[in-house]
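Chemist: So the chains spell out like this:
2 protein chains.
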Amino acid sequence: MRNLGATEADAAFDVDGAIYTVRQYAKLGQRLAGKLFRDGSAVPLSKTGVFQGQHFLKPLGGAAVLINAFNFPAWGLWEKACPAILSGVAVLVKPASATAWLTQRMVEDVIRAEVFPKGALSILCGSPRDLLEQVRAEDVISFTGSSRTAASIKTHPNIVARCVRTNIEADSLNSAISGPDAAPGTAIFDLLAKEVVREMTIKAGQKCTAIRRVLVFREYARPLAKAISDHLATIKVGNPRNHEVKCGPLVNRDQQASALEGLGRLRRETEVTFGGEINFQPVDANNSTACFIQPALLFCEKPLESAAVNEVEIFGPVATICPYDSTEDAIKIARLGSGSLVASIFSDGPKFKRELVLGIAGAHGRIMVVDGSVGANHTGHGNAVPSCLHGGPGRAGGGEELAGLRALNLYHRRFVVQGSPALIADLAEAAIDASSLYA
Amino acid sequence: MRNLGATEADAAFDVDGAIYTVRQYAKLGQRLAGKLFRDGSAVPLSKTGVFQGQHFLKPLGGAAVLINAFNFPAWGLWEKACPAILSGVAVLVKPASATAWLTQRMVEDVIRAEVFPKGALSILCGSPRDLLEQVRAEDVISFTGSSRTAASIKTHPNIVARCVRTNIEADSLNSAISGPDAAPGTAIFDLLAKEVVREMTIKAGQKCTAIRRVLVFREYARPLAKAISDHLATIKVGNPRNHEVKCGPLVNRDQQASALEGLGRLRRETEVTFGGEINFQPVDANNSTACFIQPALLFCEKPLESAAVNEVEIFGPVATICPYDSTEDAIKIARLGSGSLVASIFSDGPKFKRELVLGIAGAHGRIMVVDGSVGANHTGHGNAVPSCLHGGPGRAGGGEELAGLRALNLYHRRFVVQGSPALIADLAEAAIDASSLYA
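Chain order of the listed sequences is F and L.
So for the first sequence, our numbering puts the first residue at 209; every next one is plus one.
So for the second sequence, our numbering puts the first residue at 209; every next one is plus one.
Only chain F is shown next, with the shape it has when bound in the complex (with noise of 0.2 Å):
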């Protein structure tokens, strides 16, 4: 809570995510020993079978260079170490310096503990100074972050001359979309409003797979928009030692003036249809020496030819209900985000949930479908499960983690054997079959 400026509910999504992500890591590992998987079966060479060649993957002989987010000091760390040490790859943390004391005592606590080998786990805490020219060929590179800092990144000298891998997330648009079906008064509008102010006021909207666009059939955008107004109305912002308070502040100056800036960029292509107030009184707290943003719902009433509303993330607790007239256009407007992490769709309508995720599918990396049989049974638009792919193309970087022992695809890299059958199985031998990694 001090290391965020949080609300408790709010830091233990960060912790709790962590715990859960390494527990389920460490059920996955019971399954790996060895130190190379054998990847696919034998594949013939010669007419009378002397010669074979063989695909395997190796770990990287490298350190995975993990540069973190200032949102998830905790499950950032984790998410990402977690199949680095099951790939037997040592990991050096760099978290970001805004909240950087919580990942350092982590690290600590788990050297500590001694449950590592000496060198597994390291952290850079502060200015990264010439990390990006010390890192080489055998290493890999996984960021989180805005896509500036992703950019220099991958454009710096270093990485583009040793070509060295790295994975992307970065910014992104996600959107939750309602079918024409979800009429207000029915179950999945209820469901759509509540996601809509769970996902907009947790953590203040400082997640990267938050609801940014709610696309909803233009007869219901005026009654969802007044549905979800009425809730945020219940929300207290301020304190975030206040029990009361469900919205904390935004973790510094730096993001409270640039969600301030994006506001202001997003007004001036919708209308305000709830809060967005610079100067509204945070509870039980003072403004002038804290960060706060007021939640605001916006409205646009021309979504696919709003250039701010596809473009510009806004990292705190602000959506836009865009209406669409046909889901041609549904499909049309969660594509301008240009490749995101998640969007969510809520209907029951068959023929509208299938062309919907076929629609967007190639522009996103995680599609969430709640309907009547689902309910509230879902695990939240926000949430980025160790089980299932977090990461999205495009904007959104490219880049693939979790997803299950998928995400140990990182830390290793694919090489061939092709030699005499004999050696082939003596190298097999010891290795372990490398379908695991994609089941």
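Treat the hints with care, since some could be wrong.
One copy or any two copies: either way a pair holds, since identical chains are not told apart in the list.
Taking lysine to aspartate or glutamate and the DMTMM-like style, the derived pairs with C-alpha atoms no more than 20 Å apart in a straight line are [to be verified]: (1) Lys559 / Asp641; (2) Lys559 / Asp634; (3) Lys266 / Glu316; (4) Lys326 / Glu316; (5) Lys266 / Glu608; (6) Lys255 / Asp224; (7) Lys559 / Glu536; (8) Lys434 / Glu485.
What the hints contain is simulated information worked out from the structure, not anything from laboratory work.
Following the hints, complete the assembly by docking chain L onto the known chain F.
Modeler: Frame of chain F, contents of chain L only:
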């Protein structure tokens, strides 16, 4: 032959390789039908079973932009185009200008044959102009060529901003490595000498997989240099239309000048064992109007201390003998290439073979092992066969090509659907099991 200025055998190597690759992928493609791959099994996401996750792979929504090198105008096109076409992703090929004629004719023939839907295969010859400005997040770039051009693609502002997926195959200082058992007079010794000569002279050494460094136990280094030199002395270099000629010219003046410059750099750290004369007389040709390089075998006494031998890739008929004193040193020298496409190991020593494979695997995409049981029945150090991985880490670009149906991964993107078992079953019904991509 006209296109490359090559001998019939060298031109056929490219075209026959292309035909073989198309055939193999045509066979593999018969297994495929449908537009989605189901990737692994459903994962539970709720205790009651009403909410699950299922990963899928979907073809990219954009185009495959294939940018190729001059040395394989036929094979280079098809080894990339086959997996793209099988993925259902349209191809735009940009062949190297120096040898674009053959690629253009092949594409024209295929389009005239009307075997593909319109737009499935397009070609851009000459200057790419603003090609890289036009690429979008759902496109993919697969490039083979120099590391300098690779760097300009990877750092292009549009590619960086849109996180366009890129696959790179660039420079490589491949090694052939014989064991301390491979003494003069053994079959292995002769197999290595023969393979080095073949790799130096085929396509006049203009192969990204060609042997550039020959690592040999120090005691046998001079005898091996003599055996290779004796063999090279019998090979006629000259007019590719003369049927006695086995080694033709380089493709053009630029490549000749670049090879001569590299040779000059290598000579400062090596001695010349054979050839490399600037004013040599090609058979039935005149070097004042052609672009010959006399094959050159160099000898480097201290390869662990030589920068040039491990850094300068001469794209011509040049290789360097690198004596080593221990298995450990052999591994070190091979790895000084900073990531290579391929290494071949020539030995009958089980311990040596195993230590070498595991010692260099992290720095190589393919490792060919020739022992007494394999003899001459190997597929060749420099041959990229469709069933085995082509690509290497670090300096070699970090990309992956071929490896059977694994090649289709480059043209697909993974996503996960979280929803009801009924929805997932509906989506999965039309999908085919992705396990064939890893087999």
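Chemist: All the hints need checking, so say for each whether the structure fits it.
Modeler: How the hints compare with the structure:
1. Lys559 / Asp641: neither (39 Å within a copy, 24 Å between copies)
2. Lys559 / Asp634: between (53 Å within a copy, 11 Å between copies)
3. Lys266 / Glu316: neither (29 Å within a copy, 42 Å between copies)
4. Lys326 / Glu316: within (12 Å within a copy, 61 Å between copies)
5. Lys266 / Glu608: both (19 Å within a copy, 15 Å between copies)
6. Lys255 / Asp224: This pair counts as between: shortest inter-copy Cα distance 18 Å, intra-copy 57 Å.
7. Lys559 / Glu536: within (12 Å within a copy, 63 Å between copies)
8. Lys434 / Glu485: within (17 Å within a copy, 84 Å between copies)
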